[in-house]
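**Student:** One letter stands for each residue in the lines below.
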Amino acid sequence: LAKTTQPISMDSYEGQEVNITCSHNNIATNDYITWYQQFPSQGPRFIIQGYKTKVTNEVASLFIPADRKSSTLSLPRVSLSDTAVYYCLVGDIYGNNRLAFGKGNQVVVIP
Amino acid sequence: DTAVSQTPKYLVTQMGNDKSIKCEQNLGHDTMYWYKQDSKKFLKIMFSYNNKELIINETVPNRFSPKSPDKAHLNLHINSLELGDSAVYFCASSTPTGIGELFFGEGSRLTVL
Chain A
1 LAKTTQPISM DSYEGQEVNI TCSHNNIATN DYITWYQQFP SQGPRFIIQG YKTKVTNEVA
61 SLFIPADRKS STLSLPRVSL SDTAVYYCLV GDIYGNNRLA FGKGNQVVVI P
Chain B
1001 DTAVSQTPKY LVTQMGNDKS IKCEQNLGHD TMYWYKQDSK KFLKIMFSYN NKELIINETV
1061 PNRFSPKSPD KAHLNLHINS LELGDSAVYF CASSTPTGIG ELFFGEGSRL TVL
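Protein chains in written order, with the numbering used here: chain A, 1 to 111; chain B, 1001 to 1113.
Bound conformation, chain B alone (with noise of 0.2 Å):
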């Protein structure tokens, strides 16, 4: 069974459009993050959600909104898609603290046209 799964891997859409990524992990975790990965590999947080609340925004525009239903999902849905929000994203879930790791998604990869 995958631990972390994000749906759906490949996304190509129009700008102006708007579109979500799922993710669900069955760890029973409490803690998810999404990242997002541009071109050059770099990797960088851009929210966490700990029992289905949010608790990290890395200042990421408000096309961008995640929605928890509950602490086995974290959804992200994106406004108005624009050329730049093309990259990979990655779900991930962890315990809340302590040093435990990160688990990772196999990410989706989203292009805008």
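Isolated chain A (complex conformation) (with noise of 0.2 Å):
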């Protein structure tokens, strides 16, 4: 399984743009990048999914660079409600990707 490794916090003031790295430089070329939310006291939330270059939904963006061994999630205007843990998995479609969830990135949106 491919290993990810992300910033264990930051700090970010409401209404900014936040970009949340994750390096996961032994992806295969199987592997799918996923990114989850979780809230205190709830368990984690799907955001967004992505193979390659980029991908935007209702909430977020995720940028893959062609070498795939980075992505960097865009939450764009934080709110305070979006302070967060932010977990990077990678996995294949055979349901690989639910497994190694790591410790995350705590981001904490300040007034």
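Some hints here could point you the wrong way.
Cβ-Cβ distance ranges computed for the label pairs, FRET-style [as the list claims (entries may be wrong)]:
id	chain 1	residue 1	chain 2	residue 2	range
1	A	Ala28	B	Ser1080	35 to 41 Å
2	A	Arg45	B	Thr1007	33 to 39 Å
3	A	Phe46	B	Lys1040	20 to 26 Å
These aren't lab readings, by the way, just hints derived from the structure by calculation. Every value quoted in this text rests on a predicted model; they were computed, and no experiment measured them. Cβ atoms here follow ideal geometry from the backbone N, Cα and C, with glycine treated the same way.
Make the complex out of the two chains shown on their own, each in a separate frame, by following the hints.
**Tutor:** Next up, the structure:
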């Protein structure tokens, strides 16, 4: 399984765009990149998933460079309610993308 | 309706006791999981069941025994509880393959005294 590395924590001011990075140097050809968000006292919830280039949904954008060894989750104009732990996972279509959550990145949005 | 529900939400018990956490999903998924999250937010998979059959067991002590009476339920029984078992346990479900998302329950916070 590809291993991911994320910063432990980061702070951001309300209204700013937040970019959260994830390194996955050993990503395999069949691997997808998935991001989850976890609020305090709740289970993680799916945010976005991608394979290459850029993916955008109503919540976030995911940027994946050509070598796919890293990815960046972008949250536009964050609010206090975006304070959460963000997890990056990589895995293939056979279900191996659900296994290695790791420690995640604690994002704190400051007023 | 809650998609993945766990009970109890909080559980406080003494060392050496046996306890169970129940999980039910109404999403029609074939695959269910148990994850353990420690105090440092490290979220680690413990078990995965597909259609009542164990498919993943991530070197979890034998004191932990999952049971799946049907594909909508995956319960976790823990024998001889130890202090280090204190954590938040999350149940999740998904389709068995493909790149579909995981749906998590609200978590069950276990405290062993």
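**Student:** Hints the structure violates: just list their numbers, smallest first.
**Tutor:** Structure breaks hint 2 only.
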